[in-house]
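Visitor: Put together the whole structure using the sequences plus the hints.
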Amino acid sequence: MSDTSIKKPMDMVTSKTSVSVLFAGDSGDGMQLTGTQFANTVAVYGTDLNTFPNFPSEIRAPAGTISGVSGFQLQFGSQAVYTPGAKFDVMIAMNAAALKANLKNLHHGGIIIANTDGFDARNLRLAGYGEENNPLEDGTVADYTVFEVPVVTLTRKALADSGLSTKNIDRCKNMFVLGILYWLYSLPIETTIETLRTKFRKKADVAEANIKAVKAGYNFGDETEMFSQHGRFSVAPARKQPGVYRRVTGNEASAIGLTAAAKKAGLQLFLGSYPITPASEILQTLAGLKKWGVKTFQAEDEIAGVLTSIGASYGGALAATNTSGPGLALKAEGLGLAMILEVPLVVVNVQRGGPSTGLPTKPEQSDLFIAMFGRHGDAPVPVIAATSPVDCFYAAYEAAKIAVEYMTPVICLTDGYLALSSEPMLIPSPDDLASVTPKFAKERKADDPPYLPYRRDARGVREWAMPGTPGLEHRIGGLEKQHETGHVSHDPENHALMTKLRAEKVERVADIVPDLEIDNGPEKGDLLVLGWGSTYGAIKIAVEQALAGGCSVAHAHLRYLNPFPKNLGEILGNYKKVLMPENNNGQLIHLIRDRFQIEPVGFSKVQGLPFNEMEIEAKITDTLKEL
Amino acid sequence: MTDTRSKLTAKDFTSDQEPKWCPGCGDHAVLQQLKNAMADLELKTEDVVVVSGIGCSSRLPYYVATYGVHGIHGRAMAMASGLKTARPELSVWVATGDGDALSIGGNHYIHTIRRNLDMNVILFNNEIYGLTKGQYSPTSKLGLKTVTSPNGVVDHPMNTVALTLGSGGTFVARVLDRDGKFMREVFKRAAEHSGTSVIEIYQNCPIYNDGAFDVFTDREKKADTTIYLEDGKPLVFGKEQDKGIRLDGFTPVIVDLKNSSVSKDDLWIHDEKDKLKANILAGFFDDPDTTENCLPRPLGIFYVEDRFTYEDALDQQIAQAQANGEGSLEELLAGNSTWTIK
Numbered sequence: 000m001s002d003t004s005i006k007k008p009m010d011m012v013t014s015k016t017s018v019s020v021l022f023a024g025d026s027g028d029g030m031q032l033t034g035t036q037f038a039n040t041v042a043v044y045g046t047d048l049n050t051f052p053n054f055p056s057e058i059r060a061p062a063g064t065i066s067g068v069s070g071f072q073l074q075f076g077s078q079a080v081y082t083p084g085a086k087f088d089v090m091i092a093m094n095a096a097a098l099k100a101n102l103k104n105l106h107h108g109g110i111i112i113a114n115t116d117g118f119d120a121r122n123l124r125l126a127g128y129g130e131e132n133n134p135l136e137d138g139t140v141a142d143y144t145v146f147e148v149p150v151v152t153l154t155r156k157a158l159a160d161s162g163l164s165t166k167n168i169d170r171c172k173n174m175f176v177l178g179i180l181y182w183l184y185s186l187p188i189e190t191t192i193e194t195l196r197t198k199f200r201k202k203a204d205v206a207e208a209n210i211k212a213v214k215a216g217y218n219f220g221d222e223t224e225m226f227s228q229h230g231r232f233s234v235a236p237a238r239k240q241p242g243v244y245r246r247v248t249g250n251e252a253s254a255i256g257l258t259a260a261a262k263k264a265g266l267q268l269f270l271g272s273y274p275i276t277p278a279s280e281i282l283q284t285l286a287g288l289k290k291w292g293v294k295t296f297q298a299e300d301e302i303a304g305v306l307t308s309i310g311a312s313y314g315g316a317l318a319a320t321n322t323s324g325p326g327l328a329l330k331a332e333g334l335g336l337a338m339i340l341e342v343p344l345v346v347v348n349v350q351r352g353g354p355s356t357g358l359p360t361k362p363e364q365s366d367l368f369i370a371m372f373g374r375h376g377d378a379p380v381p382v383i384a385a386t387s388p389v390d391c392f393y394a395a396y397e398a399a400k401i402a403v404e405y406m407t408p409v410i411c412l413t414d415g416y417l418a419l420s421s422e423p424m425l426i427p428s429p430d431d432l433a434s435v436t437p438k439f440a441k442e443r444k445a446d447d448p449p450y451l452p453y454r455r456d457a458r459g460v461r462e463w464a465m466p467g468t469p470g471l472e473h474r475i476g477g478l479e480k481q482h483e484t485g486h487v488s489h490d491p492e493n494h495a496l497m498t499k500l501r502a503e504k505v506e507r508v509a510d511i512v513p514d515l516e517i518d519n520g521p522e523k524g525d526l527l528v529l530g531w532g533s534t535y536g537a538i539k540i541a542v543e544q545a546l547a548g549g550c551s552v553a554h555a556h557l558r559y560l561n562p563f564p565k566n567l568g569e570i571l572g573n574y575k576k577v578l579m580p581e582n583n584n585g586q587l588i589h590l591i592r593d594r595f596q597i598e599p600v601g602f603s604k605v606q607g608l609p610f611n612e613m614e615i616e617a618k619i620t621d622t623l624k625e626l
Numbered sequence: 000m001t002d003t004r005s006k007l008t009a010k011d012f013t014s015d016q017e018p019k020w021c022p023g024c025g026d027h028a029v030l031q032q033l034k035n036a037m038a039d040l041e042l043k044t045e046d047v048v049v050v051s052g053i054g055c056s057s058r059l060p061y062y063v064a065t066y067g068v069h070g071i072h073g074r075a076m077a078m079a080s081g082l083k084t085a086r087p088e089l090s091v092w093v094a095t096g097d098g099d100a101l102s103i104g105g106n107h108y109i110h111t112i113r114r115n116l117d118m119n120v121i122l123f124n125n126e127i128y129g130l131t132k133g134q135y136s137p138t139s140k141l142g143l144k145t146v147t148s149p150n151g152v153v154d155h156p157m158n159t160v161a162l163t164l165g166s167g168g169t170f171v172a173r174v175l176d177r178d179g180k181f182m183r184e185v186f187k188r189a190a191e192h193s194g195t196s197v198i199e200i201y202q203n204c205p206i207y208n209d210g211a212f213d214v215f216t217d218r219e220k221k222a223d224t225t226i227y228l229e230d231g232k233p234l235v236f237g238k239e240q241d242k243g244i245r246l247d248g249f250t251p252v253i254v255d256l257k258n259s260s261v262s263k264d265d266l267w268i269h270d271e272k273d274k275l276k277a278n279i280l281a282g283f284f285d286d287p288d289t290t291e292n293c294l295p296r297p298l299g300i301f302y303v304e305d306r307f308t309y310e311d312a313l314d315q316q317i318a319q320a321q322a323n324g325e326g327s328l329e330e331l332l333a334g335n336s337t338w339t340i341k
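Just so you know, the sequences run in chain order A and B. Numbering-wise, the first sequence is residues 0 to 626 according to numbering that gives the first Met the number 0. Numbering-wise, the second sequence is residues 0 to 341 according to numbering that gives the first Met the number 0.
In case anyone wonders, no lab produced these hints; they're calculated from the structure. Check before you lean on any hint, since a few could be wrong.
Claimed, not checked - Dumping the calculated DSBU-like pairs for lysine-lysine here, alpha-carbon to alpha-carbon at most 30 Å:
no. : chain 1 : residue 1 : chain 2 : residue 2
1   : A       : K444      : B       : K187
2   : A       : K441      : B       : K43
3   : B       : K341      : A       : K198
4   : A       : K99       : A       : K156
5   : A       : K239      : B       : K43
Guide: What follows is the structure, given as structure tokens:
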């Protein structure tokens with residue numbers, strides 16, 4: 000137990016079940032780092048959490064302006080936390096622009112910790128308030144609890160004898176703020192101290208200065224009347240499943256999922272990829288996994304990204320490519336080739352606002368149609384969608400399993416929200432991961448019957464032939480091929496047969512797709528909220544609240560979009576109405592309507608922002624009223 | 000395991016599929032010499048993969064009894080790159096054309112060459128789109144009348160050798176489809192070179208661009224319009240070996256060996272390792288049909304450079320990362336920072 004957790008008799012501590020915090024400042028203020036530190040602390044402390052960074056797409060937008068504001072939002076709680084929070088309870092505003100950009104999303108009565116040094120005339124002007132109008136003084140923040148802290152001044156004072164330059168001292172200011180927050184939420188400072196010691200292993204003076212700043216911030220909270228009169232809060236550790244945890248973002252999880260599947264299958268992992276927001280971290284993470292034998296190939300373009308992967312897959316590697324919407328469009332022809340070659344390939348598509356360049360840093364679910372139909376010819380491929388940052392691991396893993404075991408490209412959809420959000424992941428035991436079993440053709444001798452590259456097993460799946468294996472030499476390509484032999488064939492009946500066989504194979508993936516389960520709510524009732532992908536958290540909370548309010552509503556969430564789980568039709572039939580929230584202009588709703596001839600209620604949000612639970616809950620209420 | 004099979008011949012590299020190229024097409028000769036070279040190199044059919052894009056020449060993999068993939072238009076180099084990166088031990092050959100490699104696949108072409116993966120690129124240049132029936136290509140001569148250039152081509156033609164050198168090519172050669180034996184030897188040199196070898200083949204399309212290279216292959220003209228590059232040998236050409244090339248500063252000049260005091264010792268000696276001179280040679284690109292007394296078109300190996308290959312460098316990085324053993328699945332799942340909830 001650390002000394003910092005010893006409470007003074009006068010301490011007023013209010014217990015909370017969850018708190019949402021926003022760290023906001025200039026993109027140079029280190030808000031991502033500060034937020035990450037806080038997230039690590041609450042994770043180790045044992046609460047559940049979910050984080051989401053919000054930064055400008057410009058790398059160095061003008062300092063002090065609204066467009067230069069960088070934010071890091073997180074929610075931590077003693078119960079399960081599914082989102083970073085629709086609105087936040089606490090906002091750290093390092094300057095006037097940070098306040099202006101985010102005030103609308105602070106709960107009424109919420110806490111503002113304002114760095115008053117960032118509210119000088121220059122900052123007020125750059126933020127667009129005007130030099131004479133300080134929002135901290137003119138009533139703008141009258142409805143909130145405001146702690147005015149001259150963070151820079153206090154940090155300089157605390158580190159006056161550190162021997163560091165003023166510039167380097169000022170870099171420690173975010174640690175001072177972090178210290179205040181640790182005090183305010185009764186959290187230990189040890190995790191951060193440990194991290195700082197490791198991070199600045201070779202710069203002891205910098206490490207000590209940062210540590211001193213954290214402690215100074217903590218003590219400032221402890222000793223300042225303004226805080227002590229207000230009292231502090233605590234959030235109890237969550238009752239999570241016992242085990243060993245790590246924190247992952249969706250993109251990290253996707254990368255690890257692919258690598259784990261390759262390891263499990265005994266295959267080399269190859270990733271052909273071209274950098275694109277918000278998918279690049281998958282390439283970056285995998286480039287750092289050489290110890291696991293991962294080969295990454297930063298290609299000259301998106302097309303080469305998928306084609307190098309197809310080449311590697313022909314060579315017997317588990318091949319993947321990652322991208323976002325514009326890149327998926329460019330990969331379309333390559334995917335058609337992989338589909339007709341019938342080689343395994345995983346495409347992790349991190350969706351962002353489209354069409355065209357659209358909103359590169361903002362999430363959307365608008366690539367479902369291109370994933371389903373974005374190839375010429377009859378070219379169905381399995382499509383799977385992740386529901387949370389951690390689920391990106393499992394979705395990528397399952398995509399790889401399907402690709403290898405069904406000899407087909409598979410598209411795994413995540414989005415910019417999942418990609419950059421993080422949450423604790425219970426580390427699975429390797430034994431608990433499903434098997435991934437490639438079926439390689441065996442070497443043939445001169446007297447053996449010839450290898451037929453397109454002979455299929457009962458599931459309609461062909462064998463993979465590893466170049467280098469004697470007796471399996473074969474030539475395949477994008478031209479239509481004769482059934483079984485794989486020779487080029489323009490025969491009309493053969494083309495019809497091959498089209499049918501390829502489609503049936505993909506349909507048969509449904510045999511290993513688990514039945515859809517009702518996540519929450521009654522098995523039969525008035526309303527089913529059917530979601531897919533990253534809307535899981537928001538729908539989950541909205542349905543919980545609606546159920547608590549006595550509504551007859553249930554939640555089911557689709558991970559397998561092609562093929563659908565076999566029992567989907569039956570489940571849809573158990574409710575009077577189906578509500579379908581989607582971060583697009585209505586895509587899954589078309590597939591459901593087409594397949595099951597029902598008329599669901601669509602609910603679209605296309606603002607480059609994820610749904611929040613309030614919006615969905617309100618829509619549930621409205622929909623039930625109209626029944 | 001020792002291989003008890005006897006040495007393979009070109010026939011062993013012949014697949015059961017009948018080539019469907021037009022009679023008289025230069026592709027037939029290239030296929031034959033490729034199979035000859037593979038047999039000469041004592042390759043095993045199971046260790047070879049021929050990768051291609053789209054076009055007449057890209058049908059080649061179907062006719063070689065090795066592993067083969069016929070890809071999509073322009074992407075052969077990318078597909079081969081992925082294959083070679085994943086499986087460095089395989090012998091990878093790319094069959095591609097002037098449209099496939101230099102037009103729709105131009106981006107992959109330059110980047111593959113600069114990476115220098117160890118593979119052999121056979122670039123069939125017939126200066127026309129054959130499979131789509133006779134549209135002009137990026138290498139078509141100015142003024143060529145085709146179905147898409149009824150008034151003559153106005154696009155400046157691409158100089159394959161110059162592009163390849165400019166992209167950082169480490170083995171650059173040019174041959175004629177009619178020079179069977181020479182081609183076979185160049186293929187073998189290319190295969191033995193560690194890195195991306197490019198062999199541009201001037202290949203006649205008898206249907207849509209017949210005679211495009213007659214000026215270089217015609218018995219009467221050939222000696223004066225071409226020059227065969229040999230490492231360490233002076234640049235001599237002409238019917239009676241009576242002409243040579245000398246460098247005047249950076250400017251190549253044709254000299255008359257018969258009627259002047261210049262001897263062979265004064266000539267430019269070809270040095271395969273000299274990149275600067277290879278670039279000058281690449282510039283011997285004027286059209287003898289339209290340019291009087293132009294420099295002869297060089298044939299043979301322009302340039303060879305020893306440079307590490309992409310796949311070797313990557314494998315070294317992996318070996319280094321695995322110096323203390325390969326990562327386990329447990330370590331992968333756990334990452335760098337964990338905490339325990341009891």
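Visitor: Below or equal to 30 Å on CA atoms is what counts here, so check K239/A against K43/B.
Guide: Judged against 30 Å, a Cα distance of about 58 Å means the pair is violated.
Visitor: Assess, step by step, whether the Cα of K441/A is no farther than 30 Å from the Cα of K43/B, and give holds or violated.
Guide: Holds - the C-alpha atoms of K43/B and K441/A are around 17 Å apart, at most 30 Å.
Visitor: Do the alpha carbons of K444/A and K187/B lie within 30 Å of each other, as the hint requires?
Guide: Holds. K444/A to K187/B sits at ~29 Å (cutoff 30 Å).
Visitor: Given the proposed pairing of K99/A with K156/A, does the C-alpha separation stay at or below 30 Å?
Guide: OK: K99/A and K156/A at ~28 Å, within 30 Å.
Visitor: Check whether the Cα positions of K341/B and K198/A lie no farther apart than 30 Å.
Guide: 28 Å, holds
Comparing the model with each earlier hint shows a violation of hint 5 alone; every other hint is respected.
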